[in-house]
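K.L.:
With chain A held as given, fit chain B onto it using these hints.
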Amino acid sequence: MTTAPMTTAPTAAGPVGPPSTTARRLLALGRAEGTLLLRNRTALFTALLLPLLLIGGRRSMLKQQAESNPGLDVDALLINGTIGGILAFVVYYNLTAAYVARRNELVLKRLRTGEARDVEILLGTAVPAVSLALLMSTLVGVGGAAVLGIGMPVNPLLLAAGIVLGIGIMIGLAAVSSAFTKTVESSGITTLPVLLLSQFGSGLLIPLEVMPERIADFCRLLPTTPAFQLIRIGWTGTDGSAAATGFGGSWSTAAPSLATGAVWLGLAAWGAVRYFRWESRR
Amino acid sequence: METSRPTRPSDSVIEVTDLHRHYGAGATAYHAVRGVDLTVGRGELFALLGTNGAGKTSTMELIEGLATPTGGSVRVFGRDPYRERAAVRPRIGIMLQEGGFPGELTVAETGRSWAGMTSGARPVEEALELVGLGHRRDVRVKQLSGGERRRLDLAMALLGRPEVLFLDEPSTGLDPEARAAVWRLVRELRAQGTTVLLTTHYLEEAEELADRLAIMHGGQVVVAGTVAEVIAGRPSRIGFELPEFTGTALPVLAGAEVTVDGRKVTVHTTGLQDTLTDLLGWARHHGIALGALDARSASLEEAFLAIASEASHQPEPEAPARPTARRRLIGSAR
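First to last, the sequence lines map onto chains A and B. Just so you know, my numbering puts the end of the first sequence at 489, numbered straight through with nothing missing. Just so you know, my numbering puts the end of the second sequence at 1403, numbered straight through with nothing missing.
Chain A with its partners taken away, still in its complex shape:
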């Protein structure tokens, strides 16, 4: 490889870019991370296809339960579950691997020498995952509702709150999980507990109302349950335990989920700050 001469004078004069702002930094980080996601086939497959490939399995599992539990709204639960799956795989799983990869490449350490603050580095890295999750959820929601003939969301505010809480908690959990993950390859194992709990214990594959009451109460306390419940209540007006309500009534149904969701968001953020590792220990 030849070395080109370094001839240009490093003059102080010349064109100067704008001041760096939080928005510009998030955009710059997100763009770079998006490019990396597009060039990583494994990550792209997990993010784009896995949540959709799981739709068939979800549907048959829900249908089976509907046989012994008449009145189960399989179609609405299917959309709810698919959106939950998108949040888990696209945001949580994909982001855990991304944090580990950037940490091991010493990218995070290098980024910290610049103007970006720590929280901007974490959120900037999450920009493509979050954007993709929002896009996919919208497509699934709109498309699914049209195909399955489900009505408009009863309380869009609760639906949005659920998605925002879900994304925030998933980012925090990814940051914590990455601290316990040595390599990108091992992230498939270290993310399993959260992935399994979020799919089986948070009302996605097994609705909470068909669980024995004690187990359901426990599952309501899991980190990802409140967000998924809010999405469901916001859309259908019920968490399945009572008849559907309207916009006004949905707030009281959602209150416990809003509270536990906020607590989990706080805990996930605290855990991310407390446990996140910026440099790999080799």
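Everything labelled a hint here was simulated from the structure, so no lab data went into it. Keep in mind that this is a model prediction, so the values were computed, not measured. The beta-carbon is built from N, C-alpha and C at its ideal position, and this holds for glycine as well. Misleading hints may appear alongside valid ones.
[Unchecked claim] Below are the DMTMM-like pairs computed for lysine to aspartate or glutamate, each with C-alpha atoms no more than 20 Å apart in a straight line:
| hint | chain 1 | residue 1 | chain 2 | residue 2 |
| --- | --- | --- | --- | --- |
| 1 | A | Lys270 | A | Glu416 |
| 2 | A | Lys316 | B | Asp1363 |
| 3 | A | Lys316 | B | Glu1153 |
| 4 | A | Lys316 | B | Asp1106 |
[Claimed, not checked] According to the in silico footprint, chain B covers these stretches of chain A (three or more CB under 8 Å from chain B):
| hint | region |
| --- | --- |
| 5 | 243 to 250 |
| 6 | 310 to 322 |
| 7 | 336 to 350 |
P.N.:
Below, chain B alone, put in the same frame as chain A:
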């Protein structure tokens, strides 16, 4: 060891006072920086030299504001670089020992993303041209050679036209041509008023570039000043081999310290000319041929080696037990 304090420039950009840094706590605590004082004036190029684990990188990280000191204070532009990072970072550029850039991004993409995180960034093309990487803009970072990666790192540090540039071993891994080019670039930057603080284990690099330098050992600055100040007071060295039978004892060389190892003789002296005259006069008088005769003035290299060996003869204070987690970092802080 005598420590010569640099005179404090009136317009100092970096002020470090009684700096301490511990890693870990309790029995595994490692005291990496032990009371470092430094002042770097505006437009000055200051080099930190030191043996392995001397604490150069640990000190740099504190000045850069990447970590908080255990004790003492750091001021960059009169501000705390850690607590007031928002005010300090836009005015400084940092090049770490190991660049961290995603391997799957191209050189230009890396530059663009850094420009988006840098206030008042120069055009990416310009930064790449500065380090001679303009022709590699569309190459993925993972395909760059080690030297090219170092230069990419330097280009990113230069993106924001920094007032103060921190370079942690900037020329490690570069071939001689690229190293000369980096030196030229650093000199030009300095000529335009950029303040530079660099660490290096190439003494030649410090001698070539630095206005002032400090030699660190065991977490402390052992000696600091200009190259002339650092080597002043260091003895010159004369070495030769005696023939097998001289029949004459060596002359008494005033003010010199003579070490004899078989036929090999080493003389350390502060008056090189006088001692050499005496020695050569004696040899001519007795008709003795001195083999492998070598006389050299004190150099930075000799000063450095002397400091390293003097210091390693003494047990280090507090006999540091390094926690495994830090071993790599310290080990690589050449």
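K.L.:
For the region 243 to 250 of chain A, count the residues whose Cβ lies under 8 Å from any Cβ of chain B; is that count three or more?
P.N.:
holds (count 3)
K.L.:
Okay, the region 310 to 322 of chain A and chain B, do three or more residues pass the C-beta test at under 8 Å?
P.N.:
With 11 residues close enough to chain B, the hint holds.
K.L.:
Checking one constraint from the list: CA of A:Lys316 to CA of B:Glu1153, max 20 Å. Satisfied?
P.N.:
Holds, at about 19 Å.
K.L.:
Keeping to a limit of 20 Å between CA atoms, is the pair of A:Lys316 and B:Asp1363 held or broken?
P.N.:
Answer violated: A:Lys316 to B:Asp1363 is near 48 Å, above 20 Å.
K.L.:
Given the hinted pair A:Lys270 and A:Glu416, is their Cα-Cα distance within 20 Å?
P.N.:
The hint holds at about 15 Å.
K.L.:
Would the pair A:Lys316 and B:Asp1106 pass a check requiring their Cα atoms to be no farther apart than 20 Å?
P.N.:
Violated. A:Lys316 to B:Asp1106 sits at ~26 Å, over the 20 Å cutoff.
K.L.:
Closer than 8 Å Cβ to Cβ for three or more residues is the test here. Does the region 336 to 350 of chain A pass it with chain B?
P.N.:
violated (count 0)
This entry does not satisfy hints 2, 4 and 7, going by the numbered hints stated previously.
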